[in-house]
Each structure stands twice: as structure tokens, then as C-alpha cells.
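Enquirer: Work the whole structure out from these sequences, hints included.
One letter stands for each residue in the lines below.
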Amino acid sequence: MDPLAVIYNENQWRVNKVSPLFNLQYKEVKLKQYASSIKQALTSAVATEATSRFLVNIEGLPLLKYSNDDAPSIMITVTSTQEHKKKTAYNAIILSWGKSITLECAIHLPYMLERGEQKVGHIVKTALQNIFDCNIKDYNFTQFQLLQLGFNFLENDSSRSTDPFTLVYKTPQVDFKDKLTMAFEIGDIQGIWTSLKDETSNETDLVTMAYQTLQNQLFHMLTMDVSVLDICEVILPKAEVKFNGIVKMKTPELVNSLFTVLNKITDLCVF
Amino acid sequence: MTDVDEIICYIKSLKKGFDKQLFESKIEDLAYVAHNTGIEDDDFHTLFKVWLNLNIPIRKWISLGTCILPQDNVGQNTIEYALRWLLANQLDQSFYQRIGFLLDWLTAAMDSDSIDMVALDMGYEVFYNFLSFEVLTPHVIKLIYVLTKPHDVTRQRVILLLDHAKKREVKKNLLRQLQVIIGLFKTYKPECVPEDVPSISVHTVFKKLNVGLLEGFHKCQTRRNNKRAEKQRLLWINPMNMKDTNKKVFPLIPNMKFLHVGSTQYNQKEPEKTYLDFSEPVSLLQYSLNHNMSRPTRLRTLLCNPTGHTLLSLTDQQQYSFFMYDLHHILSECFLSQSPHNYVEKASFLNQLATFQSTLMQGLPVVTRFLAQLLPFWNELDYFPEIMSLLVWVNVESPEFVEEIFDKISKIYCRSHPMQQCLIVRVLTSLYGNLIYTSSRPSNCFTLKKPSEEKFKNVISIAGSSISEMCCKGMQINPEDIRIVHTSLRALVSCAQSSEWIGRGMSVGAVPRPFLLALPLLSKCAILLESLAELLMRYKLIISAYKENHGKDQIYIERMKVLKLYSMDFINCLSGQFLSGRERGFVFSNLQPLLISKLTNSIPNVEEELTIKNHLAFAPYTYMRIQGTDRVIEETIVHEAVYQEFEHLNNFVTLATSR
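Protein sequences appear in the order of chains A and B. Note that my numbering gives residue 148 to position 142 of the first sequence, counting from 1, and the numbers run on in steps of one. Note that my numbering gives residue 159 to position 68 of the second sequence, counting from 1, and the numbers run on in steps of one.
What the hints contain is simulated information worked out from the structure, not anything from laboratory work. As the structure is a computational prediction, the values presented were derived from the model and not from experiment. Errors might be hidden in some of the hints.
[Stated by the list, open to error] Under the rule of at most 20 Å between Cα atoms (straight-line distance), these lysine to aspartate or glutamate pairs were calculated in the EDC-like manner: (1) B:K540 x A:E110; (2) A:K270 x B:E424; (3) A:K143 x B:E436; (4) A:K105 x B:E424; (5) B:K437 x A:D144; (6) A:K93 x A:E123; (7) B:K655 x B:E674; (8) B:K106 x B:D132; (9) A:K254 x A:D8; (10) A:K244 x A:E191; (11) A:K143 x B:E424; (12) B:K655 x B:E591; (13) A:K256 x A:D8.
[To be verified] Stretch by stretch, here's where chain B covers chain A in the computed footprint (C-beta under 8 Å, at least three residues): (14) 138 to 147; (15) 206 to 218.
Beta carbons are placed, not taken as given, at the ideal position from N, Cα and C, and that holds for glycine.
Expert: Here's what the structure looks like:
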């Protein structure tokens, strides 16, 4: 089975960035010990009814990586049993995709995908930060980064040309909850993208120009200037990304695309 | 000043029918000394003995007793004397009031920890006997309560107490006192007290002591506490974390914790000590150098106190690299983008980071990089003092970061208020001095490797030229502001000093621009002219040292030219030739001929008049001598008044005139 299936078979994930994990070991025994530490943290923090219990399982996913240089990934699953009903309360995958910091005493898995209950997630992340002396912080994508991701998804998306490419806008700095949705056809956008690729090879310029073209089109057709609004979501048929780090990917190519862009966005330097 | 000796003599001489008012005033004086500076130990002991044997009315005796307080502690000799006195007088009923007060006095001393407990303990038997006397029991009860030890409890004593209790059954108060003691005995040795004893709150039984007495001993205690040197205790809790009830946010500097994953049941060897096992910094550091210690859960915890900084700087290469990446993550996540931490916590974190850099005495690459990334987007307001303190040390491994920092700081400088400008210049001068220091340090310090000579030279020259550029611009913006002129000039002198003392001719310091050299001549401040002379003198030394190291290369020729030209100008001003000699200098070399003719016409003998010796800046010194008479200021006067005051000016003039 495709090791990436654990990612694209699920619906939505939240992306986080992780600093190096001190003294992470993959031996069965150690993984079990980490799991029991997390379980302890959960049981002491979450005041639940006596009938529900938490089960924490940590497994290594040695095939979920970009290349052989990457360290193996880790998947954490928290199931809660309540009155004989089992459900997955929380699920997280920590992985590396080709670009990471090399240290002697620590392993770097820079990205963490998580989904599930927020409260449980918060406790698990605190526990991980204490066990491995790391920092886990969620991504907040800027406008440019959202477009970068969106256009990169576009290149790897295998949808039909009539499927929608949607941009969702919100009004910045105002407490106005309504959002504005603009839908284009994928075929059109792909046309713009490929034609601009002939003009420049610099990715920054490409993204800016492509978006400028879209803005111009919107202005032309609807006399609406969207440059004052903030993009908060980019939606494709098989992938989505929101400004607060929520992503959805349905194919392995799109998973690869996400992490390739994240490698570019994230500041991974060497000291 | 009250003379305690005199008071002692007075007290010794007290006879029947003494003057009450005089007595009161003497007691007040004594109380004053006792409460403030404290009575010296010899005097105290003498006073104590005299007091005990004094035969005056009881009230006066007690009020005298409340003023007799030790400086620090009631010593062994005093206690022994007291016990002897008690033994001698215990059977004399007329002494009971005095004995009662003396016992109160000892209790007060014990309560405020101002007495030698070992010596006091020797009097246990004596105190115990007093339990037999109803009158004295309330005075001695607390002493017994505190001084009793398990081995003091015997069945014989218990029976004795029970006897007394039976006799005092009617008087509930007295009974309660004994019951408390019996209860205490029962807790120490239940087998000696099989009887039932009601439990009574101890503190209801102890009598209230004389307020004045307690106050006095309390003052003695405070005095003692203040004098004792502060013992540095290790505290690993960050006060920032106490206030924060928002558990959703991870702390920037967490409290110290040690986490162990997995079971310790089968660990054969002794567990490693953790930092929490030590309460004193020195012993912790000594131990850590020779033994392995547990690593704290989060390395950042060590940023919270100076001991932690020292431990971090002594850590091994692996942990150090890990820590650097941890810092990098925190700095980019919390300062270069949004984070829910509050301003105070972030400012405190940056402060600790700055202290850590100072402890290492070098710039951390991660911090230099952070500053290079932050400054372009900085609003010049947030964390201003903290960023300034971080700037004092930079790392030269990546010159592009340093260039970026200087570039942005120059722009910030030009936009700032004068006081901030002064601060920025000071900070950059420290940066310069530190760079020169790190470049000339012979060995590596701590875990960072020393960058190459080339890199240092590169960065130092960038720093030097940035500083002089900034100072020049600052003076162009605000030529009237004496703060700017003074700070800029002193900054350059500082840089020259560092280059001269430590640089050993490797760099040419921050080369002053012409405008910076010219402006002090126009100021009304003597110290600026002095600083100018100092700068020229130091420059001469630096450039000669540079020539020795590098020979007469392009840089040397350029600098030498500026130095020569400017020195010429200064000398011309000294010797009254500033106009005629202006071709040989540059400050006055561009003056318009029209302007010069106007000047010569309006002021006769202009060159003689406009010289250094007639300079307004030195007026306070020279005019004093001539006292308002119309005498011309002679050279001798100037020598006495001015050159004696200003060392560098003197040296410069001596050098100039000897040529």
C-alpha cells in the first residue's frame, strides 16, 4: 500500500512546523514509553467520566519519506473508548520531506500533520514538546504563500478543465464575517499559468503575475477590485489550503506538492 | 553620641532615692543605642550583670531590662551568668518577679532567634525546677516547650508534673499549662505517659510578652539579617510563568523540570543528580564540571538565571548546536511572526538572551541572523532597549548579515530623536570595541569557533565606516545639538582607543569625516576641542602602527593625508594663521574670497584675534585669570589656565610647537 495513503485518505489536516526532536529513538520499547508518557499527560489533564479511557499508540512509518536521507516518520494515534465505543480522538503524523537539519543528538522531522479534537491535540503537543525539547508551531500562511501553494497544486492537479478553482476572500481588519467566493475554471487558470511560464522562470514573479492577471480579469468582468481583500482559502477539486494552516490533499502528487512548497517557505538554515 | 560607658557608670552608681527623671532619660538613651546601632558585646555583658544585681524598684528594673539588648546574639557567657544568678536566687521568694521577667527576657531572645540555643539548652534543669512554682510556671513554659528533647522525658518527671497538676486542678489556667507540657512529653515518649491528656492549643497557653521587649529583640533580628551577606540561592522558576494562567501557550523560558521517559525500576546505577538537587550556585557548578548531570527537559530553562547561563556556556558541542536551533525556532516563530506571548515575557526573553551573549562574550550566529531579519521590518519602538543590548555583540561569520544590520541601523539612526541617536551611537561603539576585542583574543572561547582574520577585518571596516558615516549625518541633521556632537566625537575617540589599545594596527578605526572634524571648532565646549586633540593624537599612533603592519598602502596614504591636512588646520588656529595657512588644510580651504575680504575689513588683525587662545570655549578658564581687566590673553595665561587642564590638548600643542 502506498505509504502516503495515510495522508490522502483522510479529509483535512492541520500543518505545523517542528524544531529538532532531542534524542528521538525508533525502537519499539522507546515508542511505547513515549506513548505511555503522552497517555499519562492525557489522563491527568482531561477530566472525563470514569468510563472513558485513552489509548495512545505511536508507530514508526519507515516508508513515509521523500528520500532515504530523511528520517522515518512517526504516527501518533489517540483513541478514546467510551462505553465500549472506540473512536479516534486524535491523529498526528510527524515527517520529513527532503529538507531537514542534521544534528548528532536529535532527529529533525520538520512537519507535523494533525487532525482530531483540539483539546487532545493541545495536550499531546505539550507532552511532545516536553519529551523531546522541541517547539511545535502552527503555520499561518501569508497571501503570497497561499497563492504559491494554490498554483503549485494546480500544476499537479489532474482534474478536468471545467472544474472550479476557487478563491475565498475576507475583508481584512474589519469584523465582517461574510466571505466572498470567486470561482474560475481550472482550464483557464492553467492556460494563464503556462503562458506566463514562457515569460519568466522566477517563481516569485510568476506567482505575482499570475495573480495580477486574475485580479485584472475580475476587475474587467465584475468591476471589482479584489486587491483590497485578503485571500483566506484556495480550493481545488482535489486539494485545499486555508490561511490558518488547514490543508486537504487527495492524491499522492498533491501531497508531494504541498511539502515541496513548504520546504521553500520554511526557513531551515544551517548554523 | 550616647556613651554607653557613661550610662553603665551611672547605673552602677544608682543608690536609694535616685532622680527618676534622670533615670528615665538615661534609659531612653540606652534604648536608642540598643535599637539602632546595638550595644557592643562587652558593654552588653557588663550591663547585663550590673542590671541583674541592681536593687531598684521592680518597675524601673523591668524598664531597664527592656533596653538591655545584644548587638547580634546573646552569647554563652551572658547565658551562663544568667543561669548562675537564677540558681543563686531561686529559693528567694522576693526575687520571683525579677526571675519571671528574666525568663520572659530569655524567651523573647529565643523567639527572635537572638540567643545561643546550645548554651540555653544547658539551663534546662534550672528551668524545669521552676515548673514547681506556680508563679513562675507561666514564664518558663515556652522555654521548656521549645527546649525539651525526647531524652529529657522520663517517667519520674512525668509523675512530678502530674502531682503539680493535681495540686493546681482548681486553677484552670495553671492546669492547662502543665497539661501542655505533659502532652508534649506524651508525643515524644508515649510509653512514659499512659494517662489521657487533653489536647490543648499550645499558643493559648504561652503568655504575651512585654511589647517593648519584643520590639527590641525584633530590631536586633532585623539588624542581624541585614548585616549577613546575602546568600545566593538558586531559583529555577521564571517569575513570568507565575502570572500566566493561559495554559495554551508554551512559556518562552520554562520552569526547570526533569522528565524521565520510561521506567526507572531497573536502573542499576545511582540516578544522576539534577540541578534541583543543589541550592547554591557554586557547588552546582563545581559538581557539574566533574560529573554527568541530568539534562533538563527544556534547555531554554537555563536562560532564567546567571548560573544557567554559565551552565549553557560550558555545555558540549551537541547540546549547544541543538540549543542554537531551538533558539532559532523560537526567535523566528515568536518575534518574526505572530505569537500569543505578551510583551513583557518577550522583552524578558530578549534580555536574558542579551545577558547570555555577554556571558559568552561573543555574538551568537543565530542572534546576528535574527537581527538582520528583524531590523528591516522593525517599527523602531518595540523592544528598543532589548534590541540595543542584543546589538552589542555580533558574529562575523556571515558578513552579509552584519552589513544588513548596519545598513538598517543607519537609516533608523537618521530618523530617530537625538537621545535615541546618542544611544545607538554608544551601542555601535561598544559593538566596535567588542569586535576588536574578539578579533584579537588569542584562543577560542567556549564552543564557538573563531572566525578568520579576513572576516574580522572585513566586518570591522564595515562597522568603522558605518559609525563615522552615521556620526557625520547626525551632525548634519542637528549641528546645534551639543549632545549629538559630543556623542559622535566621543564615539570616534572610543573607536580609536579600541583600535589603538587592542587593534595593534590591524585596523584604522572609524575614520572621521571632514565635517565631524570641523564642527567642534565652532562649538562653545572646551571638552570637544580636547576630544578633537585626543582624536588626532590617537590617530597618529594608529596610523603609524598600521604602517608598521601593512606598509604604505593605499589606505595608509589616504588616511595620512586627512590627518596631515586637519592637523595643519588645527595648528594654524593655534598659531594665528587660519586664513593665511588655509591652503595647507581643508576646513577653511573653500572659503570664498569675498567672505574673507569682508572678514578682514570688519575685524582688524583678524588672524591674531581668531585663534584658539581667544576661543569662546576657553573663556571660562582664561577670563578668570585676567579678571575682567583689559589685558590681552598672553600665551602664558593660556598655558596655565587651559593646557594644564586638558592633557591631550597640551600634548598636541607641545608636539605642534616642537616641530
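Enquirer: Would you mind marking each hint as holding or not holding in the structure?
Expert: Hints and how they fare:
Restraint check for K540 (chain B) and E110 (chain A): the C-alpha separation of about 18 Å stays at or below 20 Å, so the hint holds. Under the criterion of a C-alpha separation no larger than 20 Å, the hint pairing K270 (chain A) with E424 (chain B) is consistent with the structure, at around 16 Å. About 18 Å separates the Cα atoms of K143 (chain A) and E436 (chain B), which keeps this hinted pair within 20 Å; it holds. Taking the CA atoms of K105 (chain A) and E424 (chain B), the gap is about 19 Å. The hint holds against a cut of 20 Å.
The suggested pairing of K437 (chain B) with D144 (chain A) holds, with an alpha-carbon distance near 19 Å, which does not exceed 20 Å. Of the pairs offered as hints, the one joining K93 (chain A) and E123 (chain A) holds, with about 11 Å between alpha carbons and a cut-off of 20 Å not exceeded. In summary, the hint linking K655 (chain B) to E674 (chain B) is supported, as the alpha carbons are separated by about 12 Å, within the 20 Å threshold. This hinted pair does not check out: K106 (chain B) and D132 (chain B) have alpha carbons roughly 26 Å apart, beyond 20 Å.
Taking the CA atoms of K254 (chain A) and D8 (chain A), the gap is near 17 Å; set against the 20 Å cutoff, the hint holds. Distance check on the hinted pair: K244 (chain A) and E191 (chain A) sit about 14 Å apart at the alpha-carbon level, within 20 Å; holds. The suggested pairing of K143 (chain A) with E424 (chain B) holds, with an alpha-carbon distance near 7 Å, which does not exceed 20 Å. Proposed proximity of K655 (chain B) and E591 (chain B) is supported: the alpha carbons are some 19 Å apart, at most 20 Å.
Under the criterion of a C-alpha separation no larger than 20 Å, the hint pairing K256 (chain A) with D8 (chain A) is consistent with the structure, at around 13 Å. Under the rule that three or more residues need a Cβ within less than 8 Å of chain B, the assignment of the stretch 138 to 147 of chain A holds, with 5 such residues. Coverage of the stretch 206 to 218 of chain A by chain B is violated in this model, with 0 residues showing a Cβ closer than 8 Å to a Cβ of that chain against a need of three.
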